[in-house]
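Engineer: These protein sequence lines map, in sequence, to chains A and B. So that you can map any letter, position 113 of the first sequence is 113 in the UniProt record's numbering, and since no number is skipped, the others follow by simple counting. So that you can map any letter, position 191 of the second sequence is 191 in the UniProt record's numbering, and since no number is skipped, the others follow by simple counting.
These are computed hints drawn from the structure, not numbers from a lab. Only a predicted model underlies this, so the values are computations on that prediction, with no experimental measurement involved. Treat each hint with caution, since some may be false.
Stated by the list, open to error - Taking CB as the label site, the calculated pair distances span:
1. Ser-195(B) to Leu-134(A): 17 to 25 angstroms
2. Arg-214(B) to Arg-267(A): 37 to 45 angstroms
3. Leu-298(B) to Asp-222(A): 25 to 33 angstroms
What the hints assert, rightly or not - Computed list of chain A residues with no C-beta within reach of chain B, every gap over 10 angstroms:
4. Gly-156
5. Gln-180
6. Gln-302
7. Pro-311
8. Pro-402
9. Gly-440
10. Glu-444
11. Thr-479
12. Gly-524
13. Leu-533
Positions of the beta carbon are idealized from the N, C-alpha and C atoms, including for glycine.
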Amino acid sequence: MADYFIDISLVSAAVSRTASPVPKGKKGATTITKSAVKSGISTPAKGIAVDQRMLDLSALNLTEERSVINEEIPKASFAREKLLEEAKKVIEAEGKERKKEVSLVVIGHVDAGKSTLMGRMLYELGRLDEKTRLANERGSNKAGKSSFSWAWSLDGTVEERERGITMDIALQSMSTPHRQITILDAPGHKDFIPNMISGASQADCALLVVDAATGEFEAGFDRGGQTREHVLLVRSLGVSQVVVAVNKLDQVQWSKSRYDEICDFLRPFLVQSGFHPSKTKFVPVAAMQGVNLVTLNGEAAQELRQWYDGPTLADYLDQLEPPARDIYAPVRIPISNVFKGSSSGVAVSGRLCGGVVQVGERLRILPGDETAAVKMIEVKDESVPWAAAGMNVTLYLTSIDPVHLNIGNVLCPPTNLVPLATTFTARIIVFDIQIPITSGASIELFHHSRDVPATVSNLIATLDRASGNITKKKPRVLTKGTSAEIQITLRTQSLSGPSVARPIPLESFSVNKDMGRILLRRGGETIGAGIVLEIFG
Amino acid sequence: MKLVGKYVDKHGAGHVTLRPEDDEDMWHLYNLIQKGDSVRAPAIRRVQKTSTTGSIDSQRIRLNLTLAVTSVEFSSYSAAAEQSSSADPSGSNNSAALQIAGRVIVENPHVKLGAFHTLDIEANRDVRIEKSDGWDSIALSRVEEAIVPGRGAEVGAIVCGEGTAAFCLLSEHMTLVTHRISVPIPRKAASAGSSQHDKALTKFYSTLYDAFIRHIPFGNVGLKAIVFASPGWVRDSVYEYVMQEAGKRNDKVLQRALREKGMKIHISSPHVHSLVEVLKSPEISSQLKETKFAREGLALDKFHKMLATDELRAWYGPKHVALAADRGAIGTLLISDELFRASDPDTRKKYVALVEGVQQKGGDAVIFSSMHESGQQLNQLSGIAAILTFPLDIEVVEAEEKEEEQRKKREMEVDEKEEG
């Protein structure tokens with residue numbers, strides 16, 4: 001009997017030597033068990049025995065409970081009205097308890113130092129950690145491009161770093177004492193203006209960076225320079241506030257006269273472009289040295305302090321006013337990026353052009369017949385239950401095949417669809433162009449992140465710029481500076497075969513301002529900007 | 001196309017027999033054959049015979065039919081090009097189809113007079129065309145153009161952007177978009193990092209390479225250039241990738257073709273209509289000066305430039321151009337072949353007279369092919385435009401016309417009065 005007891009204790013570690021014996025299916029043990037049950041000691045041991053069996057079975061994969069991957073769509077947590085109320089409350093609280101949210105597009109001529117300025121700014125505001133900075137510095141030194149070290153924090157792709165040029169929009173966020181700012185760092189090179197437009201259409205305010213170095217400012221502002229084109233573009237996309245950072249002043253020995261010269265030059269131009277003087281700010285900076293970005297202290301800023309004691313760039317950014325958001329409008333999200341989510345599913349990002357979207361909602365993807373459910377909403381790297389108009393969001397979608405999601409598509413509620421258009425009328429302002437627009441001119445139509453080939457199918461009338469009255473019906477051509485009403489038709493994708501143009505989601509300006517703004521380009525040049533009047537289908 | 005026989009008398013009456021060989025020939029025929037012409041071509045027709053006992057016997061018979069044309073239809077399917085271009089080294093892929101419908105006007109034992117038939121024009125089968133109201137100069141010059149030997153795809157172009165690419169084959173009269181690819185490329189994003197972007201780019205390049213092999217007949221001797229066109233630097237990366245892949249796979253033919261014919265050209269947008277910019281570029285236009293599409297591109301560009309510098313010397317629209325022609329002001333006439341395809345013979349005659357008039361006065365007439373991008377753009381611009389030798393104000397001219405009309409009216413009235 002003594003042997004027996006030792007045996008048991010070896011088999012089941014859970015049972016102490018002194019404890020009562022455990023049923024292990026051995027003959028003769030049953031009687032003992034029965035007595036043990038009565039005494040109530042064997043209960044835990046019984047439990048262990050059952051577990052063991054399950055464990056053995058599970059190794060054979062015989063159990064039925066295989067987890068079926070069935071992504072659960074979270075339930076919407078609010079009723080529509082409640083959600084709107086909640087959103088309204090939060091938006092009203094902005095500026096009191098919460099920081100106001102603005103998005104800022106950084107524009108300017110190529111090599112004005114936009115990315116460098118933003119990289120430095122992120123560092124100064126503590127968004128860029130020391131480790132990354134050092135890595136960037138080392139990397140750029142190694143590549144023989146040490147002057148790009150700050151820009152590398154925004155220029156992430158291999159090609160951008162190799163060429164030392166921003167090619168696509170970089171999205172970052174930073175926070176100043178009173179503002180939560182989303183930064184869209186735009187490329188300055190003229191070949192990437194489509195990307196710049198995509199970024200600018202997601203912004204409320206603009207930061208114009210100009211190069212103060214001798215000859216560089218002029219090159220950026222002259223015909224073919226991007227300073228002029230970018231300013232016109234962002235204004236036509238609805239941006240009404242601009243901060244001008246006069247960069248690289250260290251290269252002109254902090255000359256005040258140069259700074260004033262540039263300001264005097266730009267001021268009338270900005271007014272003429274439609275920026276109100278009170279919403280236009282100028283600030284002298286040197287991005288590389290970090291002078292006057294956040295503080296005016298430090299040794300490098302000594303020369304500037306002699307003649308400048310105004311606000312720093314960060315101070316100005318802290319004063320930017322977010323525009324009114326229309327949260328009662330139906331949801332519209334033009335997609336500006338599609339990528340794989342970190343865990344599963346597909347993520348899209350873009351800016352809400354209206355309405356409020358919440359987790360669990362179903363959204364239709366236009367053009368197309370598919371719908372997707374919102375699994376998660378991310379605003380500035382934080383998961384939130386809902387997002388309202390004006391926010392730059394990342395939505396994680398589920399129950400959708402990623403092939404249906406493309407950059408340029410628009411998400412909207414299935415009950416309130418965005419109309420699809422192939423032919424529509426628009427009121428446009430013609431920019432400074434050399435070759436006039438004729439009827440039948442082939443153009444590229446830009447709407448948010450989408451660009452499609454189109455034709456100016458009809459010149460309806462030229463309008464008086466101030467009053468909007470018709471000055472001439474059926475003009476033969478539109479020359480620079482005119483305002484006109486035209487009809488635009490999308491072109492078919494092929495030269496032959498069935499001539500069906502793919503429609504794009506578009507809304508008239510009177511219905512949704514953000515969805516009704518268009519830009520016209522031709523031959524790498526922006527020829528006009530306008531608003532959609534009426535959609536014919 | 002081969003000219004098999006031609007009999008046209010001095011008044012323009014007569015017939016021409018042609019043997020089409022490739023897609024472009026179909027396009028030529030489409031432009032030659034008009035409503036009302038009589039066309040004789042081989043056809044396959046199902047013939048039903050009812051015997052005396054009432055049983056029906058149906059047979060397919062190959063026979064020559066002569067039709068009075070009621071409609072002509074042309075279609076080119078770029079998708080169909082997929083199999084043929086790799087198999088056929090000549091680069092001619094029969095993806096275009098021409099269908100001619102009409103009533104039978106010459107009776108034969110199987111088909112009754114007046115029966116309807118639709119001819120599918122096939123390559124290497126003779127087609128005889130007889131014009132109802134004679135061969136005009138435009139039609140005859142078209143025949144001349146069509147029978148010049150040794151054509152084919154002359155330029156292969158890849159118009160690409162980040163994630164998109166269109167493969168085009170340009171020949172004298174046609175631009176075929178043989179294939180398109182589009183690979184979704186995620187933007188660089190702080191949260192996702194740039195690895196997704198890079199991965200997608202690599203996938204795009206390899207997709208593009210595969211499509212390139214299949215759709216660009218790079219081994220063809222007739223191919224004068226392989227153009228990589230894009231905004232930004234995509235073309236460089238693409239060219240490099242294709243070159244590298246060719247090296248890896250030890251594809252000597254491709255390597256040589258790229259070295260000899262490869263060209264990288266900057267365009268402003270990744271859409272097919274930017275092909276116009278390719279043709280305008282000095283690299284291409286110097287090499288292909290003689291080709292029709294380069295000439296068209298240059299002429300259209302000249303017109304646009306004239307519109308910018310001297311609006312009074314660049315006119316467009318049929319009415320305005322006709323007025324300019326009346327005044328002998330046209331230096332270069334730009335006219336789309338679409339206008340000659342007008343179903344109304346009078347309209348065609350009008351345009352033929354216009355072209356002949358301009359040529360007689362020493363002007364230049366460029367007939368655009370609407371299968372080219374430049375032709376498409378001209379079509380959008382009403383299909384006809386002119387660069388004038390001296391400035392003319394449209395409003396003044398229109399006022400003159402009005403006056404003239406009124407003067408005539410008055411004269412008529414005076415005449416009537418005198419008669420009365």
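Engineer: Now tell me, hint by hint, if it's right for this structure.
Structural biologist: Each hint tested on the structure:
no.: 1; hint: Ser-195(B) to Leu-134(A): 17 to 25 angstroms; result: holds, 21 angstroms
no.: 2; hint: Arg-214(B) to Arg-267(A): 37 to 45 angstroms; result: violated, 57 angstroms
no.: 3; hint: Leu-298(B) to Asp-222(A): 25 to 33 angstroms; result: holds, 28 angstroms
no.: 4; hint: Gly-156; result: violated, 4 angstroms
no.: 5; hint: Gln-180; result: holds, 15 angstroms
no.: 6; hint: Gln-302; result: holds, 35 angstroms
no.: 7; hint: Pro-311; result: holds, 28 angstroms
no.: 8; hint: Pro-402; result: violated, 8 angstroms
no.: 9; hint: Gly-440; result: violated, 3 angstroms
no.: 10; hint: Glu-444; result: violated, 5 angstroms
no.: 11; hint: Thr-479; result: violated, 8 angstroms
no.: 12; hint: Gly-524; result: violated, 3 angstroms
no.: 13; hint: Leu-533; result: holds, 21 angstroms
In the structure shown, a violation is registered for the earlier hints numbered 2, 4, 8, 9, 10, 11, 12, in ascending order.
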